[in-house]
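Number of protein chains: 4
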Amino acid sequence: MLIHTVQIRVRYAETDQMGYVYYGNYATYYEVARAESLRSLGFSYKLLEEQGVFMPVTENKSKYIRPARYDDLLTIKVSIKEMPVKRITFEYEIYNERQKLINLGETILAFVKTVNGRACDAPDSITNLLKPFFNG
Amino acid sequence: MLIHTVQIRVRYAETDQMGYVYYGNYATYYEVARAESLRSLGFSYKLLEEQGVFMPVTENKSKYIRPARYDDLLTIKVSIKEMPVKRITFEYEIYNERQKLINLGETILAFVKTVNGRACDAPDSITNLLKPFFNG
Amino acid sequence: MLIHTVQIRVRYAETDQMGYVYYGNYATYYEVARAESLRSLGFSYKLLEEQGVFMPVTENKSKYIRPARYDDLLTIKVSIKEMPVKRITFEYEIYNERQKLINLGETILAFVKTVNGRACDAPDSITNLLKPFFNG
Amino acid sequence: MLIHTVQIRVRYAETDQMGYVYYGNYATYYEVARAESLRSLGFSYKLLEEQGVFMPVTENKSKYIRPARYDDLLTIKVSIKEMPVKRITFEYEIYNERQKLINLGETILAFVKTVNGRACDAPDSITNLLKPFFNG
Chain A
1 MLIHTVQIRV RYAETDQMGY VYYGNYATYY EVARAESLRS LGFSYKLLEE QGVFMPVTEN
61 KSKYIRPARY DDLLTIKVSI KEMPVKRITF EYEIYNERQK LINLGETILA FVKTVNGRAC
121 DAPDSITNLL KPFFNG
Chain B
1001 MLIHTVQIRV RYAETDQMGY VYYGNYATYY EVARAESLRS LGFSYKLLEE QGVFMPVTEN
1061 KSKYIRPARY DDLLTIKVSI KEMPVKRITF EYEIYNERQK LINLGETILA FVKTVNGRAC
1121 DAPDSITNLL KPFFNG
Chain C
2001 MLIHTVQIRV RYAETDQMGY VYYGNYATYY EVARAESLRS LGFSYKLLEE QGVFMPVTEN
2061 KSKYIRPARY DDLLTIKVSI KEMPVKRITF EYEIYNERQK LINLGETILA FVKTVNGRAC
2121 DAPDSITNLL KPFFNG
Chain D
3001 MLIHTVQIRV RYAETDQMGY VYYGNYATYY EVARAESLRS LGFSYKLLEE QGVFMPVTEN
3061 KSKYIRPARY DDLLTIKVSI KEMPVKRITF EYEIYNERQK LINLGETILA FVKTVNGRAC
3121 DAPDSITNLL KPFFNG
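Protein chains in written order, with the working numbering: chain A, 1 to 136; chain B, 1001 to 1136; chain C, 2001 to 2136; chain D, 3001 to 3136.
Wrong hints could be hidden among the right ones.
To be verified - The calculated lysine-lysine pairs, modelled on BS3-like cross-linking and capped at a C-alpha distance of 25 Å, are: (1) A/61 x B/1077; (2) D/3063 x C/2077; (3) B/1077 x A/86; (4) A/63 x B/1077; (5) D/3081 x D/3063; (6) D/3131 x C/2061; (7) C/2113 x C/2086; (8) A/86 x A/113; (9) A/113 x C/2046; (10) D/3113 x C/2100; (11) C/2046 x C/2131; (12) A/86 x A/46.
Hints in this document: simulated from the structure, not taken from any laboratory.
In isolation and in its complexed conformation, chain A is listed as follows (with noise of 0.2 Å):
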């Protein structure tokens, strides 16, 4: 099992006439706690694109806890919990500056070729790099 943990300070944009931060902001939230759980080791999803294979998202699920709001740091705690084949699935939780548990999200990605739009398995570039985590 992989975990990563990143920290993102809530932005105005990001908040709506309640107060909170708006349910499809969360979304962008994952977005960064997957890219950052992968830069963590030492993999670039910029550079997987650039090398003709990018990962559309086939599912996600938010269950919303308590709100967050404007200027909160959030700590967001990102898992891969098994080794990706055709697809991959990250598990979010984000926590508030209480450590109060706010958000619970899971996001599945696909592997798709640039050059024919067609699925393939995860590339060796990212599965090297995720084994040593999985080991039995």
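Mind docking chains B, C and D on chain A? Use the hints.
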């Protein structure tokens, strides 16, 4: 059951460098679909907030089946399948211009009193309008 | 001069905790107004990109006179006051439902060839449609 | 004069199908730069709102010189060049990782009392912190 249909044209701002609508932006499409489905009953979410009840999202799920692209005119079929008590659930099917299903979604919202932040039942102003759609 | 009028309803996602439309979201309203003004001529920005020309923004200005609020049905009057050559300038006036002016804006866009990223003149597909509005 | 430097990494959500940061998203980068420049003084915009003053934007201008792209680590140099009275003006220069200037911006904000929605002078809590930067 209440079913309502809404059309939304994809904005450039909503696309990402993959050339797809960014996955987090579907939450906004769902929001528009919810608001318009209630407006079709003669109900205004804006007015509800002004009357002291707001509806924070507690859960959201999406399946991304096909991409939506810039300038696509999407059709969203939104439905309420159960009379709301403590919570209300909206389900969505999104179709592109070739009538292909591109997205499935579900959002659960609570009812909360502005004055004390406490959960409450669905207000009469909404249940009275919904009753005709759920007659035994 | 070309003048076109577009209506946009404010989404919850576009508000911030001040209860106003977030100032950055007007750029999206301008984008919709531009696309719809061109569509009114029978022109499609989407098609232009497919034909190998895109239009990056080089300058944008806004004056915020009154707030826009959730669910407001805004009217955007967009105008092109000069025949485009290297660049095209769009100007906007946004009114709320009480016909009060709430926002003034101006955007300048360039024409760039997708193939080499080089600036080019406004393509004939757009200037031919605009000519009738600028006859001496 | 107060000058402060902030770094922001471009999110996927912020790109558009041109592969650039969408022009409207710079407003959010400016917002972060403003908040962080004030935080560097020990000032919190969040606290200001809690104390009953909010700062709506009255004017915003941007020049887009080069595109910003996904995952770029941008450097924003934000400056306040004049002591605020009725309004405060922030200016921005944004550089990419190769130290190339990509964007110039300017935002003017007013001070407004939450209680009555009336314009007011810059509160002492902010002018006292700024004074040392505008001596003699």
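We went through each hint and held it up to the structure:
For the suggested pair residue 61 of chain A and residue 1077 of chain B, the alpha carbons sit about 20 Å apart, so the restraint of at most 25 Å is met. The straight-line distance between the Cα atoms of residue 3063 of chain D and residue 2077 of chain C is roughly 23 Å, inside the 25 Å bound, and the hint therefore holds. In summary, the hint linking residue 1077 of chain B to residue 86 of chain A is not supported, as the alpha carbons are separated by about 30 Å, beyond the 25 Å threshold. As the CA atoms of residue 63 of chain A and residue 1077 of chain B are separated by approximately 23 Å, the hinted pair is consistent with the 25 Å bound.
Proposed proximity of residue 3081 of chain D and residue 3063 of chain D is supported: the alpha carbons are some 19 Å apart, at most 25 Å. In summary, the hint linking residue 3131 of chain D to residue 2061 of chain C is not supported, as the alpha carbons are separated by about 30 Å, beyond the 25 Å threshold. With a C-alpha separation of about 12 Å, the suggested pairing of residue 2113 of chain C with residue 2086 of chain C holds against the 25 Å cut-off. For the proposed pair residue 86 of chain A and residue 113 of chain A, the alpha carbon gap of about 12 Å is at most 25 Å, so the pair holds.
The hinted pair formed by residue 113 of chain A and residue 2046 of chain C meets the criterion: a straight-line CA distance of about 24 Å does not exceed 25 Å. For the hint linking residue 3113 of chain D to residue 2100 of chain C, the alpha-carbon distance of about 22 Å falls within 25 Å, and the restraint holds. The suggested pairing of residue 2046 of chain C with residue 2131 of chain C holds, with an alpha-carbon distance near 21 Å, which does not exceed 25 Å. Restraint check for residue 86 of chain A and residue 46 of chain A: satisfied, since their Cα atoms lie roughly 19 Å apart, inside the 25 Å limit.
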